[in-house]
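Engineer: Dock chain Z against the given chain H, drawing on the hints supplied.
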Amino acid sequence: MKTTFFKYSIFIFLVGLFNSTGSIAQENDASNYKMMFSFSTIKQTDNSRSLEVRFYGRNKEDRKDNVPVFDAEISFFNILNDEELLLGTAKTNNEGIASIILPKDQSYLTDEDGFINLTARFEGSEAIDEEEKEILVKDLQLELNLTEIDSVKTVSVKAFTINSEGEEELVDEVDINFYVGGMLSKMKIKEEVISDGEFEFEFESELPGDKDQNLTIYALIEDNDDFGNVNQQQTIKWGAPHVHAYGAKNTLWSAAAPIWMYIVLTVLLVGVWANYIYTIVNLFKIKKEGDNMGRRIRT
Amino acid sequence: MDIIKRKKELVKEFSPMLEKTSFIAKAWIIFLIAIILVGLYAFYLQFQKGHVITGMRDNVVWGIYIINFIFFVGLSYSGAFISGILHFFQTPWKNSVSRIVEIMTVLSLIVGPIFILLCIGRLDRLHYLFLYPRIQSPITWDIIAIMTDLFGCFLYLYLTFIPDFAILRDNQDPRTPGWRKKMYTFLASGYKDTPTQHKRLHKIVGIMSTMIIAMAIIAYTVLAWIFSLTLQPGWNSTIFAPYFIIAGLYSGIGVIIIAMFLIRKYFKLDHYIRKVHFVGAGIILLIISLLFGYFTFSEYFAKWFSHKINDINLLDTLFSKYFWEFIFANYIGVLVPIIIIFFKKFRTIKSITFAAVISVLGLWLNRYLIVVPTLETPYLPIQDTRPEFIEYTSTWIEWSLSFAGIAAFILLFILIMKLVPIIPMSGIIDYEREPRIKPRILTQIHK
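So the sequences go chain by chain: H and Z.
Taking the working numbering, I'd label the letters of the first sequence as residues 237 to 535.
Taking the working numbering, I'd label the letters of the second sequence as residues 2 to 448.
Looking at chain H on its own, in the form it has when it is part of the complex (with noise of 0.2 Å):
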């Protein structure tokens, strides 16, 4: 008795050892989370206007547990001291996000400055409370253009607002960046101001581009105070032209494998499997004597 108690004791420590916390079933229960509840707007290359709102609740013990609220409905507005633009609605998706586009010929209530309020709202439901963001920017005009003039690569950009009356207005002291296009992700070739408007400069880059040498570069205005985000792109055949570089042939990461390792491969088994064989063919002489014997003993 004593044995099988002392056995069992062993085995219940055993499957014990293997019972973690982790394997407790977590419970999304929204009084336990923060709401968070963030709305950006970019106007995008085709001059439209992209709307976007990100709902999600984060655990008030740990951070890194962020669960989406899913099928959430939000309003998008643009407002003008009491009046109200519905400009879209749209739900939640599995991340959280809910966006809508507004197209290029969109037109706004805008204020005396020139600036569109624009708000993002949720109306609240039995779990989770009314939330709603604001966001002020003023319609502003980016134009990329990429010239080659005398064998000279040059890059220029052209920054405006249109006022009341229809007319361009230069911006100024504006802060923006250029990118290229990679991979993976853009990489930073030049960081600026616009001045009066304008700015541009000499694409120097020897960046080889795509397979057909395309580059696409990027002329973008992050997070200002006046204009929001706004994008814009052109792609160029302006990639400095591929130069084969033929790799080793036979390495570890290449797609045939160094020589030495096929030969030693090649050896082992070819010993192996010889002594495999031998074996089996003695095997087969074996089974010949011993029936050899049989029919001699039969006659």
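FYI, nobody ran anything at the bench for these hints, they're computed from the structure.
Among the hints, a few may not be true.
In silico BS3-like cross-links for lysine-lysine, where the CA-CA straight-line distance does not exceed 27 Å [said to hold, decoys possible]: (1) Z/LYS322 - H/LYS300; (2) Z/LYS193 - H/LYS521; (3) H/LYS524 - Z/LYS204; (4) Z/LYS200 - H/LYS521; (5) Z/LYS419 - Z/LYS193; (6) H/LYS523 - Z/LYS322; (7) H/LYS524 - Z/LYS200; (8) Z/LYS322 - H/LYS524; (9) H/LYS521 - Z/LYS204; (10) H/LYS473 - Z/LYS269.
One side of the interface only, derived from the structure: several residues of chain H facing chain Z at Cβ under 10 Å [as the list claims (entries may be wrong)]: (11) ASP298; (12) LYS300; (13) ILE385; (14) SER387; (15) TRP489; (16) VAL508; (17) LEU519; (18) LYS521; (19) LYS523; (20) GLU525.
Built from N, CA and C at the ideal position, the CB exists for glycine as well.
Structural biologist: Frame of chain H, contents of chain Z only:
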């Protein structure tokens, strides 16, 4: 000595073991089949729903399946190694353990690789491994090594069975079922124990025994390289290959002792499997446990002393989250067998078996600590991922399949013992016909 008469005596002695199945044995077989069926159901669920029902995730991609794989394959290689040594050096007491070792070798090499298949998320792409092999990859080396070794072990096991198949064929009771007679006739492969056949068989068994020692070392080295050729903290080590070989031998000796104890007790083979065999195996376990302890200490000490950030993170995990597992695997699992076997007065059959059980459990946990904590402490910190994606907890599916593997191993062991005697009759005859003064007949020696 009248060999023909002696063969008849041995067949008479071992026949009940082959032909009769007790109620307890039947109950065990049903129980084992039930465990396997639960495992098959778990496999069906895993195949249907994918790895999401296991504890494995993007970060901890390997769990207890790979640990079972390493464990079983280690058993096999250690079995091949020990069996080769026993045959190669014609060890006097090999008859008592050689067949246990040979069966363990082959069965663990069948069961082990099944666990690696369970680790594969897309089994439907398994054939890609063969269609598009990459010679530079240790995984490819391992597949080649396992298949070559499996074939060699089967061949070797069959060779060692042939003389017994011939004895059973020639000395059957008239009441023996016809299918059994036909099976022995086929499997004996015309072996009549003539001097030329005897010499030829001994020659090829000798060659194969040498071959499988080398194969065991190469194959387990390759398995160790799957880990040590990566840059992962805890794996990237130059001593991993010999460490794995020693660890494999450690678990192998442990399982052999446990099998010897159970077979001796169940089949009442006290006069074949004697205390001297347990003490001999125990001494080997002692030596291997000392070596295993030495390698384990060297491995962790070098990591601690070099103080590389990722190694220290790993050691912190081992000494916090996995504290008791670490203590059991690397302290209790090593020191308890050493203490029990080192002192002569503790060397009883039961205590040696207990030491073997502790060593096997400790070794399994050691494998767990090599695989899981390393995957839980990656080089790059993981952000915005839930804890259960980083921390591994095995599910019932994995445990069911693990126990099904163990059950399959035991069930196949029982079934093979129904095919041939667990003590090789041909070995006893060879031993007895060798000219010596005394003792002349092994079966007459008692404790």
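Engineer: Indicate, hint by hint, whether the structure satisfies it.
Structural biologist: Hints, one by one, checked against the model:
For a cut-off of 27 Å, the pair hint linking Z/LYS322 to H/LYS300 stands: about 20 Å separates their Cα positions. Restraint check for Z/LYS193 and H/LYS521: the C-alpha separation of about 12 Å stays at or below 27 Å, so the hint holds. A threshold of 27 Å between alpha carbons decides the hint, and for H/LYS524 with Z/LYS204 the separation of about 17 Å falls inside it, so the pair holds. A C-alpha spacing of about 12 Å is found between Z/LYS200 and H/LYS521, which places the hinted pair at or below 27 Å, so the restraint holds.
Taken as a hint, the Z/LYS419 and Z/LYS193 pair is honoured in the structure, with Cα atoms around 22 Å apart against an allowance of 27 Å. At roughly 60 Å between alpha-carbon atoms, H/LYS523 and Z/LYS322 are farther apart than 27 Å, so this suggested pair is violated. Our distance criterion of 27 Å between C-alpha atoms is met by H/LYS524 and Z/LYS200, whose separation comes to about 15 Å. At most 27 Å may separate the alpha-carbon atoms for a hinted pair to count; Z/LYS322 and H/LYS524 exceed this at roughly 63 Å.
A C-alpha spacing of about 13 Å is found between H/LYS521 and Z/LYS204, which places the hinted pair at or below 27 Å, so the restraint holds. Distance restraint check for H/LYS473 and Z/LYS269: the Cα-Cα separation of roughly 86 Å exceeds the 27 Å cut-off, and the hinted pair is therefore not satisfied. Checking H/ASP298 against chain Z by beta carbon gives a least distance of about 8 Å; that is within 10 Å, so the hint holds. The restraint placing H/LYS300 at the interface with chain Z holds, with a minimum CB-CB distance near 6 Å, inside the 10 Å limit.
Restraint check, H/ILE385 versus chain Z: the minimum CB separation of about 46 Å is more than 10 Å; hint violated. For H/SER387, the suggested interface contact is broken, since its CB lies about 44 Å from the closest CB of chain Z, more than 10 Å. Because the beta carbon of H/TRP489 sits about 8 Å from the nearest beta carbon in chain Z, less than 10 Å, this interface hint is met. Interface hint status for H/VAL508: upheld, as the beta-carbon distance to the closest one in chain Z is roughly 6 Å, under 10 Å.
Of the supplied interface hints, the one on H/LEU519 holds, with its beta-carbon coming within about 6 Å of a beta-carbon of chain Z, less than 10 Å. The closest approach between the C-beta of H/LYS521 and any C-beta of chain Z is roughly 6 Å, which is under the 10 Å cut-off, so the hint is satisfied. Restraint check, H/LYS523 versus chain Z: the minimum CB separation of about 4 Å is within 10 Å; hint holds. A hinted interface residue such as H/GLU525 counts as satisfied when its beta carbon comes closer than 10 Å to some beta carbon of chain Z; here the least separation is about 6 Å, so the hint holds.
Hint compliance for this structure: hints 6, 8, 10, 13, 14 are not met, and every other hint is.
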